[in-house]
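First to last, the protein sequences are chains A and B.
Numbering of the first sequence is given in this note's numbering, commencing with residue 187 and proceeding in unit increments.
Numbering of the second sequence is given in this note's numbering, commencing with residue 187 and proceeding in unit increments.
Bear in mind the hints are in silico, worked out from the structure with no lab data behind them.
It cannot be assumed that every hint is accurate.
The list treats identical chains as interchangeable, and a pair is accepted whether it falls inside one copy or across any two copies.
[Stated by the list, open to error] DMTMM-like, lysine to aspartate or glutamate: derived pairs with alpha carbons at most 20 Å apart:
id, residue 1, residue 2
1, Lys279, Glu218
2, Lys709, Glu222
3, Lys419, Asp315
4, Lys495, Glu263
5, Lys440, Glu266
6, Lys360, Glu266
7, Lys426, Glu699
8, Lys418, Glu263
9, Lys629, Glu699
10, Lys440, Glu278
11, Lys636, Glu204
12, Lys689, Asp607
13, Lys205, Asp315
14, Lys630, Glu331
15, Lys495, Asp452
16, Lys279, Asp631
17, Lys495, Glu356
18, Lys294, Asp210
19, Lys225, Glu263
Being a predicted model, the structure only gives us computed values, none of them experimental.
2 protein chains.
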Amino acid sequence: MMVNWNNLDTLKSYSELEKVEKVDLISAMTGESGAERVKNYQVPMACGLSYNYAAKEVDDNILKALANLADEAQLSEKFEALYNGEVINTGEKRLVLHQLTRGQLGDKVMADGVDKREFYVNEQKRIADFANKVHSGEITNAKGEKFTTVVQIGIGGSDLGPRAMYLALENWAKRTGNFKMEARFISNVDPDDASAVLAGIDVEHSVFILVSKSGTTLETLTNESFVTDALKKAGLDASKHMIAVTSQTSPLAKSDRYLEAFFMDDYIGGRYSSTSGVGGAVLSLAFGPEVFAAFLEGAASEDELAKQKDILKNPAMLDALIGVYERNVLGYDSTAVLPYSQALSRFPAHLQQLDMESNGKSVNRFGEPIDYVTGPIIFGEPGTNGQHSFYQLLHQGTDIIPLQFIGFKNSQLQNDVNIQDSTSQQKLCANVAAQIVAFACGKKDENLNKNFKGGRPSSIIVGDELDPKALGALLSHFENKVMFQGFVWNINSFDQEGVQLGKVLAKKVLAHETDGALTEYAKLLAI
Amino acid sequence: MMVNWNNLDTLKSYSELEKVEKVDLISAMTGESGAERVKNYQVPMACGLSYNYAAKEVDDNILKALANLADEAQLSEKFEALYNGEVINTGEKRLVLHQLTRGQLGDKVMADGVDKREFYVNEQKRIADFANKVHSGEITNAKGEKFTTVVQIGIGGSDLGPRAMYLALENWAKRTGNFKMEARFISNVDPDDASAVLAGIDVEHSVFILVSKSGTTLETLTNESFVTDALKKAGLDASKHMIAVTSQTSPLAKSDRYLEAFFMDDYIGGRYSSTSGVGGAVLSLAFGPEVFAAFLEGAASEDELAKQKDILKNPAMLDALIGVYERNVLGYDSTAVLPYSQALSRFPAHLQQLDMESNGKSVNRFGEPIDYVTGPIIFGEPGTNGQHSFYQLLHQGTDIIPLQFIGFKNSQLQNDVNIQDSTSQQKLCANVAAQIVAFACGKKDENLNKNFKGGRPSSIIVGDELDPKALGALLSHFENKVMFQGFVWNINSFDQEGVQLGKVLAKKVLAHETDGALTEYAKLLAI
């Protein structure tokens, strides 16, 4: 089936959607109606997760209109085109294959003369083999001693996703006996970042992963030199302590500076690379290849759900459509991601990149201007911490901010205390339940300072426990949500031309080839 | 002088401001005009910092109108009333005295029968004395061994500010020989938070600080029990390992559960408490009382500047007014805080609480509804990391997001490498300079996908190095900015009634006293 790429505001189903009567969330969520919604407005996800959208400003009429929009915008067909290997990244003329790192969703995809699924699986195996040898002591430092720490050097997608995934599984791995090595991350070009990480580790027993697809990322190459210097100063041979994750065409691919090189390719954007070698090397070293494989398995299962044409069986597509409704019809500018799980402390930072870099665009996929808003601001912190911070504004501020909660029935370390007749985990879960209802229903008070207007929409993804499979499913959900929203907005979610100008100007500053304001700013900063 | 508390939209100067011709930022910041703006649109701050607003959408006409607004809204007079001890927190009927923890800005302030400045200074001295004894080995664990780690137990303002300040000075302290003890933080009621921190420290040589003004914060008391259990299991006497920072009227004040108790009071809101004992105990233990005193000194110097009636000499007031102009006249909904300093990695999270909890209000200080927007969304991550994450949306997204950069000429650890003819620190500074100009001026490209519209406003605070004084000044700047904005919006920036409803409902869930949707959500989360 041929797909048609049309702007959102040209779709009949979109103007129909705008006309559907809005939902009064307070009355919908009050009493028996609220209870019914919580029971019914729920879609199963993979790995025991579920997506509950009871507290969103939708009802059956709006859901019907969203389904029509999904049909007319051909969301399923576009996803199919993507995973079957069409050139979906029109700006850079590239395929988009990150789903293929975790499963074969459709046809065999050939590119660069190879079966790409085989290529990704093979790299995963090579990484697994390397990690196993490090763990068994077959690959060691020069003295024949085991490596105890792995340090990822990368920025943006080579940092945020892998770091968030590592933190998400660290405690789970410790409890379940899967913890192999401590991982650390160096990302910022600020020299204090690399210095502090290096000062805090046992360099002699550390293996470093240099991650850069192009092999030209300034921050990453600078930090590589930083690390190489530190290794030399410690009397160590840097090439015995460093591996690379890069593309086969990069200058890093066949360098004798590295113990080994593992490959990804141009069909995997940085922010979608956690399931490629970019996440694979560090996670396999930290937790073992089986844990990484389970993480991929979870993502693959969730990807399968994203193929469902029925939006009520496709949580990523439904989440995407509700988000578009909130952004374009209801006019909300941002979304807060609020995981009630300390392990997901950096998950919102990863989603911030995933979403804002993918869909923060003002032109459609053909480079034509568009007349509607696209990607929202994404921000968030774990609950209950956020409750004692910015929730004041979420409850009583002048703008409405849609909320995306995440919660788990069980903790990861399963170490708890019972205070005032409840465990900490129960308190945590009670708080997220309470917040959803407080935001949706509000509470009248004659003292307006204590009045809660309510009508503030949220959804929640609930799981049993944050384990590798659940984490994979969670990641896939958001990747696919962002992809579907990009399809609806008719934008290219897979390039990032907006990051180029700053790089060009920074080089000019360093080369002292500036004029006007830039010269003065350079002086101000004593460059 | 009697002050008048009027809503923003009743002020003549505000309607005048709305009429002033808008600034075309691209043309203003291009060529010689841009260079002149960078040189002239700058206000010195304390401790070698400066606030540069060249890339904001203001010109001399708008600055004049903002000065008139400051006059009519009596910002200076209101600040004077505040520091002289009037009941500015009308909701809770309390004085607002956090500035008094670092200096005497005006009249002697008597409350609860004591000179409050003396009270705060005395608590600071008691903390200094305690910290010195811990460092000298006069106060030890039961075996007479020195404490090596300090762990803060607190949430919200008892966590975010102190944690951000600790991270901001950790590397500076290590370089300058001021590093005394490692600090850790337990905040979330998620049991995995406390478990992980406890698993990562040497409990026998750790001193814990329990921080709760009321002594009733559920998360904090739960985490106290968590820690007490862990100490008992290790065969240790918890009361020899724990101190409290609380109010004199709290149940913690005279408990034999603690080695010592230090006091703050109801006149210091949690989010403004970093310069009280809440920040003082952990920072004095980690870095020594002299470092904490220098931090207070920096804040006090910046507070003095906030007394200036001339907005061009008062950086906090000017920053506040420009923010109101952006929010209410230009209609921007959020502000990104972007420190080009890894040490400030959690400073945006602290400002997120400071700003959004203070000014996320929909009623004025008399509890009457208001018809204009108030506090914006605040979010941010350190540069250059953010450049590889959400900057795509900032440059090319459909909404304009004002930016607040922070940069320093020198790194903290002063350990650097020279790659491609520049140090990492120079690259860091070149990047922030480049970003400001890229955002302001943009760059035309016939390929609209590579086109940068520009016109995206920013300011930058520049300093020599992030040391304790500079950090104090930086903190004070933002506290006072938020305060002045609250005055302009005629809201009470010092209460947080919006956090109450969630607490009440969470208790109902735990007591199984729910109905409707809340019952169903509780089931969903298996409570």
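For each hint, the structure was consulted:
In the homo-oligomer, the alpha carbons of Lys279 and Glu218 never lie at most 20 Å apart, since the shortest distance is 52 Å inside one protomer and 40 Å across protomers. Taking CA atoms no more than 20 Å apart as the test, Lys709 paired with Glu222 passes between copies only; the shortest distance there is 13 Å, against 63 Å inside one copy. For the homomeric pair Lys419 and Asp315, neither the shortest alpha-carbon distance inside one copy (30 Å) nor that between copies (41 Å) is at most 20 Å. Within a single copy, Lys495 and Glu263 get their C-alpha atoms as close as 9 Å, which meets the 20 Å cut-off; across copies the closest is 63 Å, which misses it.
Taking CA atoms no more than 20 Å apart as the test, Lys440 paired with Glu266 passes in neither setting, with 35 Å inside one copy and 67 Å between copies. Taking the shortest Cα distances, Lys360 and Glu266 never come within 20 Å of each other, neither inside one copy (39 Å) nor across copies (54 Å). In the homo-oligomer, the alpha carbons of Lys426 and Glu699 never lie at most 20 Å apart, since the shortest distance is 39 Å inside one protomer and 62 Å across protomers. For a Cα distance limit of 20 Å, the shortest separation of Lys418 from Glu263 qualifies neither inside one copy, at 54 Å, nor across copies, at 61 Å.
Taking the shortest alpha-carbon separations for Lys629 and Glu699, only the inter-copy value of 17 Å comes in at or below 20 Å, while the best intra-copy value is 60 Å. Taking CA atoms no more than 20 Å apart as the test, Lys440 paired with Glu278 passes in neither setting, with 25 Å inside one copy and 67 Å between copies. Proximity of Lys636 and Glu204 under a CA criterion of 20 Å is satisfied in neither setting, with 33 Å inside one chain copy and 32 Å between copies. Proximity of Lys689 to Asp607 under the C-alpha cut-off of 20 Å is restricted to the inter-copy arrangement: shortest distance 16 Å between copies versus 56 Å within a copy.
Taking the shortest alpha-carbon separations for Lys205 and Asp315, neither the intra-copy value of 57 Å nor the inter-copy value of 68 Å comes in at or below 20 Å. Proximity of Lys630 to Glu331 under the C-alpha cut-off of 20 Å is found in neither arrangement, the shortest distances being 66 Å within a copy and 56 Å between copies. Proximity of Lys495 to Asp452 under the C-alpha cut-off of 20 Å is found in neither arrangement, the shortest distances being 29 Å within a copy and 57 Å between copies. For the identical chains of this complex, Lys279 and Asp631 are inter-copy neighbours only, at 19 Å across copies versus 57 Å inside a copy, given an alpha-carbon limit of 20 Å.
In this assembly of identical chains, the alpha carbons of Lys495 and Glu356 never lie at most 20 Å apart, being 36 Å within a copy and 53 Å across copies at closest. Proximity of Lys294 and Asp210 under a CA criterion of 20 Å is satisfied in neither setting, with 47 Å inside one chain copy and 53 Å between copies. Taking identical chains as interchangeable, the C-alpha atoms of Lys225 and Glu263 are never at most 20 Å apart, the minima being 30 Å within one chain and 55 Å between chains.
Of the numbered hints given earlier, the model fails hints 1, 3, 5, 6, 7, 8, 10, 11, 13, 14, 15, 17, 18 and 19; all others are met.
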